[in-house]
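*Asks:* Model the full structure from these sequences, guided by the hints.
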Amino acid sequence: MEKIKVAIIGAGNIARSAHLPAYMKRSDVELTAIADVNLARAQETAQRFGIPKAFASTEELLAGAECDYVDICVWNRAHSECAIPAARAGKAILCEKPLAINLEHALRMQQEIEKAGVPFMLAVPTRYTPQAMMLREMVDNGDFGEIYYAKTAYTRRRGTPYGWFTDTSKSGGGPVIDIGVHCIDRTWYLMGCPKPVRVSASTSYAIGNFKTKGVERWRALDSDVTAFDTEDSACGVVHFENGASLLFEVSWALNAPGESFTQICGSKAGARMDPLVIYTEQNGYLTDNTPSPGKNDMFYEEIDHFIHCLRTGEKPKSDLNQAVTMQRILQGIYDSARLHREVEI
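Residue numbers (the numbering used here): 59 to 403.
Hints are computed from structural coordinates only; laboratory data are not their basis.
A hint or two may mislead.
[Said to hold, decoys possible] Cβ pair distances, simulated, as ranges:
#, residue 1, residue 2, range
1, Val-335, Ala-98, 18 to 26 Å
2, Ala-114, Val-295, 39 to 47 Å
3, Ser-85, Asn-354, 25 to 33 Å
4, Tyr-263, Glu-400, 19 to 27 Å
5, Asn-354, Lys-271, 16 to 24 Å
6, Ser-85, Ala-114, 24 to 32 Å
From a predicted model like this one, the values you see are computed outputs, not experimental measurements.
Backbone N, C-alpha and C fix where the C-beta goes; we use that ideal spot for every residue, glycine too.
*Replies:* So this is what it looks like as structure tokens:
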């Protein structure tokens, strides 16, 4: 089997800790190049992972390296700046979540990618955990009936990262667009991806750049950014065209216990993760079933899915249209919070 040639754009934490280790497990992939605005970091990462070429920009990489697709692992603002020239160069694209810094950038990306006709997939790894894949299979089989209600949370009591994450000019927002996208997207996916029509949400800025003792904070490689204008937390509800609703709560800083879960409720059964429990009935009695779907590397699984789609021509689970729809939901959350009212999506 001919190897798929991959070029990485961005040599930061997500590339080093997740994407590159996943590629190292594959024998059907050839890493041809890596680019980063910090050339020294690109060169060091290239040496560590045996990548033959390192560049200081997307344009240099596209001109100087052969690849079938680019894997975009840069901060949010640069997603469009990397994806658009890659699409114009005819390269397939795997892009880290969120699609873009805002809806305007997302629509610009969509226009250029569709014009170029290149394959695209948004990297939303929590769709690829064993629990999520099992539940989606059950949803597709009709085991839950009509899913009409869901709720999800990804909250940290104290967990605001250092660096570009707190600078909205680079990130687009705080926990909503950083970790909220994970739990909201996963829950929406398990609901069957119904069409969102309106959202009501609020954000809080009550805690800010806390100095809590005894708390370790994750640090981005580009941590010299001093801006701190992102929200601490957010909550709200997304309504869908089919009448279903999704409640969400996300935070980097909140005076409450941290938690992470997704729950879906259908007319036949329901489920909650993590841990995984199926709520149903057997022989007329309520039962709580706890299946064991196993463990995996969700980053490996999402990359495997994209490569499978490239080889077969199948549509990715998180295609461009879904990526733009998720960006509309995120934009709606921020718009609703800013306007203090429900908004249409």
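*Asks:* Against this structure, judge whether each hint is valid.
*Replies:* Comparing the hints with the structure gives:
In this structure, Val-335 and Ala-98 break the distance hint of 18 to 26 Å, their C-beta atoms being roughly 48 Å apart. Judged by the Cβ atoms, the range 39 to 47 Å given for Ala-114 and Val-295 holds: they are separated by roughly 44 Å. Take Ser-85 and Asn-354: their Cβ atoms lie about 18 Å apart, and the range 25 to 33 Å is violated. Taking the beta carbon of each, Tyr-263 and Glu-400 are about 21 Å apart, inside 19 to 27 Å as hinted.
In this structure the supplied range 16 to 24 Å is violated for Asn-354 paired with Lys-271, their Cβ-Cβ distance being about 37 Å. Distance hint check: the CB atoms of Ser-85 and Ala-114 are about 30 Å apart, consistent with the given range 24 to 32 Å.
Of the hints listed earlier, those the structure fails to meet are numbers 1, 3 and 5, in rising order.
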